[in-house]
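**Student:** One letter stands for each residue in the lines below.
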Amino acid sequence: AQSVAQPEDQVNVAEGNPLTVKCTYSVSGNPYLFWYVQYPNRGLQFLLKYITGDNLVKGSYGFEAEFNKSQTSFHLKKPSALVSDSALYFCAVSHDNYGQNFVFGPGTRLSVLP
Amino acid sequence: GAGVSQTPSNKVTEKGKYVELRCDPISGHTALYWYRQSLGQGPEFLIYFQGTGAADDSGLPNDRFFAVRPEGSVSTLKIQRTERGDSAVYLCASSQGQGVNEQFFGPGTRLTVL
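Chains as they are written, first to last, in our numbering: chain A, 1 to 114; chain B, 1 to 114.
Any given hint could be a false lead.
Claimed, not checked - Below are the DSBU-like pairs computed for lysine-lysine, each with C-alpha atoms no more than 35 Å apart in a straight line:
1. A/K77 to A/K49
2. A/K49 to B/K11
3. A/K49 to B/K17
4. B/K17 to B/K78
5. A/K22 to A/K69
6. A/K22 to A/K58
Claimed, not checked - Sample of chain A residues lacking proximity to chain B, with all beta carbon distances greater than 12 Å (derived):
7. D9
8. V11
9. G16
10. G43
11. Q45
12. E64
13. K69
14. Q71
15. S84
16. T108
I should point out that these hints are in silico values taken from the structure, not numbers from a laboratory.
Nothing here was measured: the structure is a model prediction, and the numbers come from that model.
From the three backbone atoms N, C-alpha and C, an ideal C-beta is built for every residue, glycine too.
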C-alpha cells in the first residue's frame with residue numbers, strides 16, 4: 001500500500017526567510033509525487049509534480065521540491081517566504097503500477113509571519 | 001475558462017436520507033475523481049473515472065456510496081442511508097488524458113448529516 005507522511009502539522013517562518021515543508025512517502029513502484037496548496041475557502045491548487053527526470057522540480061509561485069529516492073522524500077521549498085504563502089499544503093503520491101489512485105498526506109499548515 | 005464546479009456548496013440532511021452531489025468537470029477532461037476530506041485531514045480517494053467508466057472505485061467505503069458519469073462529463077456521487085460519519089467535504093477533481101496529470105479541484109460540497 002502507498003502512504004504519505006507530513007511530519008509537521010504546523011510550520012512557522014518569518015517573511016523573507018526560506019521555508020521547507022516536509023513530505024516522505026512509501027510506495028511499491030516508481031512514485032509520482034505532487035504538492036497542492038489549499039487557501040481558506042478555496043479548492044486545492046496544483047503547485048508542482050515529479051514524474052521522472054531531474055530530481056529538482058520547479059513549480060508555481062516560486063516553489064520547488066526535491067525528490068530524494070534514497071530518503072523517500074519530496075520536501076517543498078521556497079527561498080524567500082511571503083505572507084501570502086500562508087495556507088495548508090498537501091503532498092500526494094501515486095505510482096506507476098497503481099494507476100490514478102492518489103494518496104494525500106494529512107497536510108501541513110504554513111504560517112508566514114510579517 | 002471555467003473550472004470544476006460542484007453543487008450544492010452545502011448540504012444538510014438527516015440521518016438515513018439519500019443525497020446526491022454533483023460535479024461538473026473542466027470541459028475536455030476525461031479523468032474525474034471524487035475525494036472526501038474530513039476536518040484536519042487530507043483528501044481521501046473515493047473513486048476515479050476515465051470517460052464513462054469507473055476505472056478504480058476501491059476508495060468507496062461501503063455499498064451505500066455510488067457514483068456515475070453516464071456521458072463522460074458530469075458526475076454524481078450518491079449516498080444512501082446517510083450516517084453522521086458521512087459528514088465531510090466532498091471534493092471533485094478532473095484532469096486531462098490518461099497519464100498522471102495534475103488534478104484541478106472544485107470548491108467542494110460540505111455535507112452535514114444530523
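**Student:** Of the hints given before, which are not true for this structure?
**Tutor:** 3, 7, 10, 11, 16
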